[in-house]
Each structure stands twice: as C-alpha cells, then as structure tokens.
Amino acid sequence: MFDKDRDKILENAANHNVTKIINPGTNIKTSNKALEMSDKYKVVSAAIGIHPNENIQPILPLIRDLRTLINHTNVVAIGEIGLDYFRKKTSPEYQKKLFRSQLDLASESNLPVIIHCREAYEDTISIVTEWQNAGGPLEHCGVFHSFSGTQEHAYRIIQQGFYIGVTGSITYNKSHELRQTIANVPKDKLLLETDAPFLSPHPNRGQRNEPSFLHWTANQVSKLKNTSLESIARSSTLNANALFNFTN
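Note that my numbering has the sequence shown beginning at 1, numbered continuously upward.
Rather than coming from a laboratory, the hints here were simulated on the basis of the structure. In this text, a Cβ means the ideal position worked out from N, Cα and C, and glycines have one as well.
Once the Cα atoms are required to be at most 30 Å apart in a straight line, the calculated DSS-like pairs of lysine-lysine come out as:
#1 Lys20 <-> Lys187
#2 Lys8 <-> Lys40
#3 Lys97 <-> Lys189
#4 Lys8 <-> Lys29
#5 Lys225 <-> Lys20
#6 Lys88 <-> Lys33
#7 Lys96 <-> Lys189
#8 Lys42 <-> Lys189
#9 Lys29 <-> Lys40
#10 Lys189 <-> Lys225
#11 Lys189 <-> Lys223
#12 Lys33 <-> Lys96
#13 Lys88 <-> Lys29
Pairwise CB distance ranges (calculated):
#14 Asn133 <-> Lys4: 45 to 55 Å
#15 Ile63 <-> Gly206: 31 to 41 Å
#16 Lys189 <-> Thr73: 23 to 33 Å
#17 Asn184 <-> Leu60: 34 to 44 Å
Generate the whole structure from the sequences, applying the supplied hints.
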C-alpha cells in the first residue's frame, strides 16, 4: 500500500521526528520484502515471521525458511507471530504449534518477539509462560502489539517482561476501557506503534495510516499520563531501544 509514495511517507515520518520504523513480516514473502526495505532505507528495520492468519502450511519448512533470513543484520525481531481467534482462518491447534515453533526460533536467535493477539489472551499468555519456564527470556522479551486486552491481561504481560504496544485505537471514541488500562501501565512498559496501514488514529481514522500519524497516539497517551507528548515520545523511544537493541 506504500509502493507508489514510500519516499514521501518516509519524508513525512522524518518531519514528525520518527527516527526508527520496524517493518514486520507476516509470511515468507513479506518477510523478504521487509528485508529489502531495510536494505534500501536506513530508518527501516525488519522483523520476520508468520502471522496466525496466514493459510495453513507445513510448519517445519516455514521455520526452515525463516531461519535462512534470521542472520540478516537488519532483523531486530521475530514477528508478527501469535494467536488470532477472531478471524478463525486457521485452527487454534495449528496456530499454537506455529506460535510455539516461532517462539523457539526467537530463543535460538536471541531476538525479541512481536506478538499479535486477538481474542486469545489466555492462550497466548499461557504459551508465553510455558516458553519462559522452558528457558525463554524473562525481560526485554517482546511486545504485545496493538494491545486490546484487559487491565488484568496488561498486568500479567508486564510481569512476564513484555511491553504493551499502543496504536491509534487508543484515540477512538469507544476505547474507554483501553484508555483506562493504558493509563495504569507504567511509561517504561509502553511502546507507541502505528500498525500502518491500519488503525489510523483520530482525526485521521478511515485513512491509510502512516508513521507520521504517530504523534496523535502519543498525544492521547500523554493526556492519560498527565505529562507532555515529548515525555511519552522519549520514554517510548528508550523502551524501543532497549527491546530491539537499537544503538542510535
């Protein structure tokens, strides 16, 4: 969705002080595409992974293909991976096997994970707990991308060393419970995200989302925290640096 004006989108991002963009894969093709973008644009880093909404394929070949990409210098995470019980494009059993396999790959490669979780928080947290009990990392282990769970879910996720990802959905009129939850999450556990081209924040809802719109999300979080937008942006940047091992 950005092929025709990608350079302009990145210019807009720079003009709004966005200094780093992570482009996650959702399958092998888009993971390769993310790597290509990271080679072309310094501001872009890549995550590689198989999204739970992808069509069923044999898992071992998928992991083998991901493993061939993992040593690229611009890979900073395994993702998007996780569970999605909303769309039900694949069975929960298949999703769980794929999720566990990619968590193991993250441990093997010493990379954090970007977790997609939709209407599947109990199972996702259970699998993550199982992974950590088997030797997975206990801190800086990943982010629950575009968080939409309850305050209890947020507490449990934070206790397990994960960050909470906040997207433009925090600005929507009906997101009262989400705003209350995020208001109670410590700043040092929050990551600002776009999920572009989706979840464009108010007042741009319904438009194609892009990184330059992130300031609307930051502004909403700053109001919830009774602090400045600059303070929220700074803490999110520090959190991203710590999680994804960014050095500048």
